[in-house]
Amino acid sequence: MSLPPSQENLPDELIEAYRRASAADGQRPAQHVRETILARARHLAHAAGSATEHATASATPAANDSQWKWKAAAGLAAVGLTGLLAVQTFRTAPHGPTSADGASVTENAQHVAQATSGTSTSAAVTAPVSAPAPNRLPRDQFSRSYSNAASPHPHEAATAPTDAAAAPREVAPPAPAAAAPSVENAGHQEAFAARVQSSISALAMRATTPAPNASRDKAIAAVRASFPELFTESAMTGTVRIAMVLNSDGTVYRTVSEEPVAAGHIDAASQLSRALGIGPDELDGPAELLTLNSTADQPNTIVVAFGIRRHNLGTSSGAP
Amino acid sequence: MLRMTEALDSDEALMLRYSAGDVRAFEALYLRHEVKVWRYIYRSVCNQATADELMQDVWFAVAQAASRYQPTARFTTWLFTLARHRMIDRHRRAEPHHSPELIHEHGERCIDQLPAEASCEPSQQVQSIQHTNALITAVEQLPAEQREAFLMQAEGELSIEEISVATGVSFETVKSRLRYARGKLKQILQEYV
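Each protein sequence line maps, in turn, to chains Z and U.
Each number in my numbering corresponds to the 1-based position in the first sequence with 4 added.
Each number in my numbering corresponds to the 1-based position in the second sequence with 974 added.
Calculated directly from the structure, the hints in this document are not laboratory data.
Built from N, CA and C at the ideal position, the CB exists for glycine as well.
No incorrect hints appear here.
Chain U side only, calculated, beta carbon under 10 Å to chain Z, not exhaustive:
id : residue
1  : S993
2  : A994
3  : E1027
4  : V1032
5  : V1113
6  : L1125
7  : A1128
8  : K1160
9  : L1163
Just chain Z, same shape as in the assembly (with noise of 0.2 Å):
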């Protein structure tokens, strides 16, 4: 064995010679040791690897997993969009179709009212025009609609369209199934379905019947309750032709009898404007022309001009 002499040198010569000495060394760790290291490594990295294995086999129902909270998302979000939708219907079924619905069966009614003015008043009695849902439509919009609407009493008209609660007894239940809709049934999809059914059908019937005109109801009504004398035989005497002018409630603003009938052309606008002073521009829709018959062996005795002014800003009768 030699060292280095040197001091200074000493520490790196004095590892190197004890490397070189360990080298030389014949001493070993047993040759079993390092077979039962590497086998334990060997056992530990399989096991990771299965582990893993087995982590990644887990990883899949992980996703499958989250696949199945996105269709639970999906489908709890489709029930409640179906929820909401059936208690909108349930809410306001009462007073109608939905607001869709609504405004398309007051303009369907108001159309087919409009088609078939001159019809008989039974038939506005019997056909269910429905009354908008109040809270869905525009005030003017509603009083219009509602105007239209078969009522053979005006104050009952009049006082309709403001009491909510009341407007669904005055509309024909559109069908069977929906007459009591309850909220225990909100969630039901069939019983949904079997409202909006009703509602189309009930829809359908309003759109086929012929329905009435409100207005000359409401004329008849008002000539009848201001000049009841016209309608007695001993009364009368010839062709009366009375301009009327009424609120929209179906209360008379202005009417005048003229006797003797005028000559010439009969224009209901213009008779309007020369007997009550009342132009067009006043009225909610065009002026009419209605001719009545007295009694049963003395027609068309009676013409009456009317219409239906666009504010009802009081009562009023006789001539202006």
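With chain Z's structure known, arrange chain U on it following the hints.
What follows is chain U alone, placed relative to chain Z:
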């Protein structure tokens, strides 16, 4: 036989590869450090069976900790730190009557109290010196702390900073221990020479 890539891979890369399931990386890592670690243990405990047992414990721990291994420091620093802790743990198990106060917070006292095996006794040193290397025997006769620092430097090729980290003492303390170790080795070797 190791592949070229495994021979060229760093210890840290091999450890990471093993943590990914590459058993050959562990084999390469083990063969690269097998003798060094064993010698460090053996020179510390001076017993073949004990060194073998501790060797297994150390490398079992390495394999077990592979999944959590992070190459924040040199692998050899971690390896020799692990070996040192295993020796201290073994001494604690062998000397359960020692109160915790007797054990230095960094295990230095435990290292000092590591039992000297029969082969380290002076009576056998002459024969050992005669048949092996006097330097080896001189190292085995060093105080435990100095021997530990010297073996980490000589076998593990750790720097003073790494020895400081592995032993939990300051940089200056390590330098002092190494200086004392070299002085004593020089003295012992001069006596034999």
